[in-house]
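Listed here are the chains, written in short residue letters.
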Amino acid sequence: MTEPAVLGTDLGRGEERLERTGRWAGIHGLALAATAVAILVGEPVAILAGLAGVGFAAYSRATAAPTPDLAVERHVSEAEPAPGETVRVTLTVENESGATLPDLRFADDVPAGLEVVEGTPRHTTALRPGKRASIAYEFEAVRGRHEFDSVTVVTRDVSGASRRVARRATDRSTVVCRPSYGDRTAPLGDLATRLPGSQPVSATGEGQAFHSLREYRTGDPLGSVDWNRFAKDGELATRRFDQPRTVKVVLLVDARAAAYVTAGDGRPAVDVCVRAAGALVGGLAEADCHVGLAALSPRRCWLPPASGRSHRERLLDALTTDEAFGWRPPAVAEDDGDGGATDGFDRLLTRLPGDAQVILCSPVVDDRPVEVARALDARGHDVTVASPDVTATDSAYRRLAATERQIRLDDCRRAGIAVAEWADGGDRGSAQSRGVGATGDSGRRVATDGGDGRWR
Amino acid sequence: MATLVGAAGAAAVLAGLVRRSESSVVFGGATLFAATLLAATGPAAAESVLLGGFGAVVAADLGTFGLGIDRDAGPAVATTRVELLHAVGSVVVALLTAGVGYVLFETVPSGGSLGVVALLLGGVVLAWLLRE
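Each protein sequence line maps, in turn, to chains A and B.
Residue numbering for the first sequence is 749 to 1204, as defined by the working numbering.
Residue numbering for the second sequence is 832 to 963, as defined by the working numbering.
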């Protein structure tokens, strides 16, 4: 007998399953035992006790759990809440099946990532035809697009011997929560496009600031010839200027299943990285960079580098709502055959422009981000690893995880890859965060370090 | 002796209810049933045997059902109706079966052929149930 919260999680939307609960299993044994005793002792009256076995066994077989014909109505108080705002959901279920449902248990399928802070999304009741039952609960809004589209319903027959578990499709209610990401910049390398722009890189050409002199070559524009020098010693020299260029930056967000370590308060590290990437989008777009976005994940997400306000909106929208950055980790089974390379990195390499710099946003909780950064560096891209610190020091295991992360970052630095690291405050926006010190957690858990969002 | 076993069974059911352990309630119900059988061997009245046998099953049934629903539903949810419906179902089945059994047992003279037929019928029902 498992709880309804667990029941039905393996069912797809609209599927249902009839199963026996095993509640009356072995009840026949009573009849057999009583008959045996009666025969052995020679007391016919003992058989009467065994009648209970026969009666209830027949009872448990008499009916199957009814198919619930329910009208489900869901009302969400706010479709576009701010992060941390509580949203009230009211769910009303009406029995339209024309027969009494003696034991109806239903639970709203709350999308992953949302935390119920008030009330409960589950209910147990008996419903006569035409009657309705309703529940209300409140959740706290977090980044992302959250779809409410099904309800898990469990009905039992009156004896409780069989149950029908169903995930009923309901009308879709969508809650979109767009956080403001802020602005933040990261140190960039020198790789630039050929387009003039405003990023100071080590490129020369036309510009304002003097860079150096070199020997005149045929074809150099007359305007750049240093005439003073020609007047002094008769040699032609060409003045070179620092030329600010446009820089293409692709933000690569680590959204593999490994990056879904929860940060003590149930917030996956991916969310911290997405916020970091969002802040970088703002900062880099301010600095006139062409910004693109990619996910290091089996789920595809690719926005080529571009500039402009609408592109910036597109980037932030993708970070907020794209499935690749959702609250449910990608399924590990999405293997494309050659094992290992399931995180879309090969796909990224074919798309990444040769003159693009890469900022890899990753919690660096395993070795893959380091491999990725070094592979990109080897292909000539300037790589910066922007790593929010999601580790904590409240248990030996977590200290070990933090140390391993530092070693990985040091590996990057030794390989000449810039590392920007910051401690991000776990601002899920609530005082409800569960105790960070839950040391009995599974081995993959790392806790967030409290911080003030500063660079270190 | 049977009283002692019965008391132990009742204690197990109560302990299971207090400690919210379904297996303890089931064990208590089985012990109560065993006590009834034990009492039936030193000849007992048909009424008390029926009461003991069905009482044991109903006690275990209601106990485990209540505990299960308590675990499933939150403390704020009123589950009285579901539990009441289940209890009514079980008690009605118990009364019907016990009534039919009692009437047969009392009206059929021992050694008569009708008793054998009823026993056979019960056996057929049991065999049909076991087959599934």
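The hints are simulated quantities; they were obtained by calculation from the structure and are not laboratory data.
It cannot be assumed that every hint is accurate.
Label pairs and their in silico Cβ distance ranges [claimed, not checked]:
1. A773/A <-> T911/B: 21 to 31 Å
2. S879/B <-> T840/A: 46 to 56 Å
3. G774/A <-> T911/B: 26 to 36 Å
4. L926/B <-> E767/A: 45 to 55 Å
5. A876/B <-> V858/A: 32 to 42 Å
6. A812/A <-> L926/B: 46 to 56 Å
7. T911/B <-> E1152/A: 53 to 63 Å
8. V919/B <-> A917/A: 27 to 37 Å
9. T838/A <-> S879/B: 46 to 56 Å
Here chain A is said to cover these stretches of chain B; the calculated rule only asks that three of the stretch's residues, wherever they fall, bring their Cβ under 8 Å from a Cβ of chain A [said to hold, decoys possible]:
10. 835-846
11. 867-877
12. 914-926
13. 932-939
Beta carbons are placed, not taken as given, at the ideal position from N, Cα and C, and that holds for glycine.
Going through the hints against the structure:
1. A773/A <-> T911/B: 21 to 31 Å: holds (27 Å)
2. S879/B <-> T840/A: 46 to 56 Å: holds (50 Å)
3. G774/A <-> T911/B: 26 to 36 Å: holds (29 Å)
4. L926/B <-> E767/A: 45 to 55 Å: violated (29 Å)
5. A876/B <-> V858/A: 32 to 42 Å: violated (57 Å)
6. A812/A <-> L926/B: 46 to 56 Å: violated (23 Å)
7. T911/B <-> E1152/A: 53 to 63 Å: 55 Å Cβ-Cβ, so the 53 to 63 Å window holds.
8. V919/B <-> A917/A: 27 to 37 Å: holds (34 Å)
9. T838/A <-> S879/B: 46 to 56 Å: Holds, since T838/A and S879/B (Cβ atoms, about 53 Å apart) stay within the stated range.
10. 835-846: n = 0 at 8 Å, threshold three: violated.
11. 867-877: holds (count 8)
12. 914-926: holds (count 6)
13. 932-939: With 3 residues closer than 8 Å to chain A, the segment 932-939 of chain B meets the three-residue bar; holds.
In the structure shown, a violation is registered for the earlier hints numbered 4, 5, 6, 10, in ascending order.
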